[in-house]
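Here the structure of chain A is known, so what remains is to put chain B in place on it, guided by the hints.
Here the protein sequences line up with chains A and B, keeping their order. Using this note's numbering, the first residue of the first sequence is number 1, and each one after it goes up by one. Using this note's numbering, the first residue of the second sequence is number 484, and each one after it goes up by one.
With a Cα cut of at most 25 Å, we get these calculated DSS-like pairs of lysine-lysine:
{"no.": "1", "chain 1": "A", "residue 1": "Lys-298", "chain 2": "B", "residue 2": "Lys-497"}
{"no.": "2", "chain 1": "B", "residue 1": "Lys-497", "chain 2": "A", "residue 2": "Lys-333"}
{"no.": "3", "chain 1": "B", "residue 1": "Lys-531", "chain 2": "A", "residue 2": "Lys-258"}
{"no.": "4", "chain 1": "A", "residue 1": "Lys-278", "chain 2": "B", "residue 2": "Lys-497"}
{"no.": "5", "chain 1": "B", "residue 1": "Lys-497", "chain 2": "A", "residue 2": "Lys-350"}
{"no.": "6", "chain 1": "A", "residue 1": "Lys-448", "chain 2": "A", "residue 2": "Lys-470"}
Taking CB as the label site, the calculated pair distances span:
{"no.": "7", "chain 1": "B", "residue 1": "Gly-530", "chain 2": "A", "residue 2": "Ala-75", "range": "47 to 57 Å"}
{"no.": "8", "chain 1": "A", "residue 1": "Lys-182", "chain 2": "B", "residue 2": "Asn-560", "range": "34 to 44 Å"}
{"no.": "9", "chain 1": "B", "residue 1": "Gly-530", "chain 2": "A", "residue 2": "Asp-174", "range": "34 to 44 Å"}
{"no.": "10", "chain 1": "A", "residue 1": "Met-314", "chain 2": "B", "residue 2": "Asp-556", "range": "53 to 63 Å"}
The set of hints was computed from the structure by calculation and includes no laboratory data. Beta carbons: idealized from backbone N, C-alpha and C, even for Gly.
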Amino acid sequence: MPHFLIQFAQQHEEFRLPELEALATIEDVQMTYDPNDYSLESPFLIVEIESAEKAALLLKRAILIKTITELWGKADSWDGLIAKVQEHPERWPQYLDVSFKFSVVTFGGTIEHKDKAPLINRFAFTGFMGKIDLKTPEEEFLLIADYGIDPDVTVAHTFYMGRLVGHGKRELIDKFNVKKRKYIGNTTMDAELSLIMANQALCGPGKLVYDPFVGTGSFLMTCAHFGAMTVGSDIDGRQIRGKGKASIQSNCEQYDLKGRVLDALVFDVCHSPWRKIKGGMFDAIVTDPPYGVRAGAKTLGRKDPAKQATEPRMAVDEGVLAHLLPDYVPPTKPYEMSEVVADLLMFAVKNLVRGGRLVYWLPTVTEDYTIDDLPTHPCMELVANCEQAFGQWSRRLITMEKVADWDGEMGLGAPTGDMNTSKTGPNQVGHFGFRDRYFAFSAVENAKRKKELKEAYQRGGPQAVAAYMKELEARKKEATTAV
Amino acid sequence: MRLITHNMLQCHVKGCNANNFPLELQEVVLEQEEAELNEDFLRNMLGKIEYEALVATCLKLDINDLPAAMPADAAYNDEFLQILHRVILETHIKSGKMVCPNCQHIYAIRDGIPNMLLAEHEV
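Looking at chain A on its own, in the form it has when it is part of the complex (with noise of 0.2 Å):
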């Protein structure tokens, strides 16, 4: 089978693999790569697949991927990959009459401008005698240096060339992007993991998919731009009306689908009124739930159970039953993480149809982690897990996939791991508390915090403090743009 580079964006880089295996999926894909060849430091990687047209197809959607390329050559200098492309002229002939270009791609490194066309001319020999076309070439070939992601190294390491087949469609994360949306929340996905959740849901035409935590409706619309049709709910209505012209229904018409997306609905998913049907309702759920840190979690109730009404109450000075008050709003409680999780997995157990998949945010503690945080079921597969860390805590993207039908029985399994080795209790997952955790992070930060800046002034005065709160600024806001 051919050889075809992919070249990843150096970001996201536990994304990159689960991501391009969903691609393969939703276009049905025949592909091989050997995981060992697979660095999270590197963002080339050499697959195997029947066809260039079929390798396109991967690119369709793809965010992490920047470029295809149909690989004819790889070597560890200029001259061995001349001798590497050499040993197949038959490659060439079909590509002779064409407009074509040639492009220099490094990476971790620089070729100058004035070095680029006597490199180039080194592949003369390929007897291409079609017009140079640099704005719309019919073909485009790429000479390729890798060198590292270490900022020290000055030399390329790996040589690759080859004939383009695609990029990828990373100019979706301008499309969405959250600065450009008219109606967001403070707790809004940024575009691209927005763009990545829909591919790991395997959304497409023909698919209704579910976000039960919707807030400002990110996933309503990144998942109906790849075709699903998209229905979501939230505890808070206010988050779904927004406010004056800008809401979930803006954002519908700014992206321009309104034909897609549903409906968003104002309930409580411990409370769901939708029907149950044999065999599932939902091709894919997608979403993020509270953490609790900027929007603390809620379901309806009170905390204190012995203070729950039982009957109808009647509203003071009204003469009228409290909950018919058109601006009636049920009391509510903090919902802990853990049990948010647990009831999402649940929900996904009775509602997902077989095959469909669940993909979630779960936040953890990083020291506390351990695989035996993920809840799990019979039901429900592990399909990825990919983190983004932040320090102290760090979220995970989790996709499961339901592969057999529920029960209607059957409860959340065992934790998958060795529970002797966890380092938490099996009631306690690295999640449990998380949002008083989070602000204990606060308290240990600001000590540091004051340290550093006291450690600053003595080393550059006023200078040094002031490029540190720049940094710490920098900081605060990769961290808090994720909460």
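Frame of chain A; chain B shown alone:
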């Protein structure tokens, strides 16, 4: 709220487990809004829709376009899919009430958004 969504909802008040579907639409304001036909999606939903309830609900709203029984060749019957599309995906309920035929709980729809929250004594 679209009629397809209405067809997916049932009353979920604690203890209300029978005769809780479909919710009866009252005092509704309807709006037609064109949407792109998505045949794959309609086919996916054929087995998920409660067709009888859908027809009954439509008749009460004076929407008489759907055949009383789903055609045997529904999945590839273009004319039927077109009607179904118009009814369940292009018909929106802008405001009104959904009343449970069993426990009489009223779910209000405002600005096209249904409020399915339960009262304190209903959870």
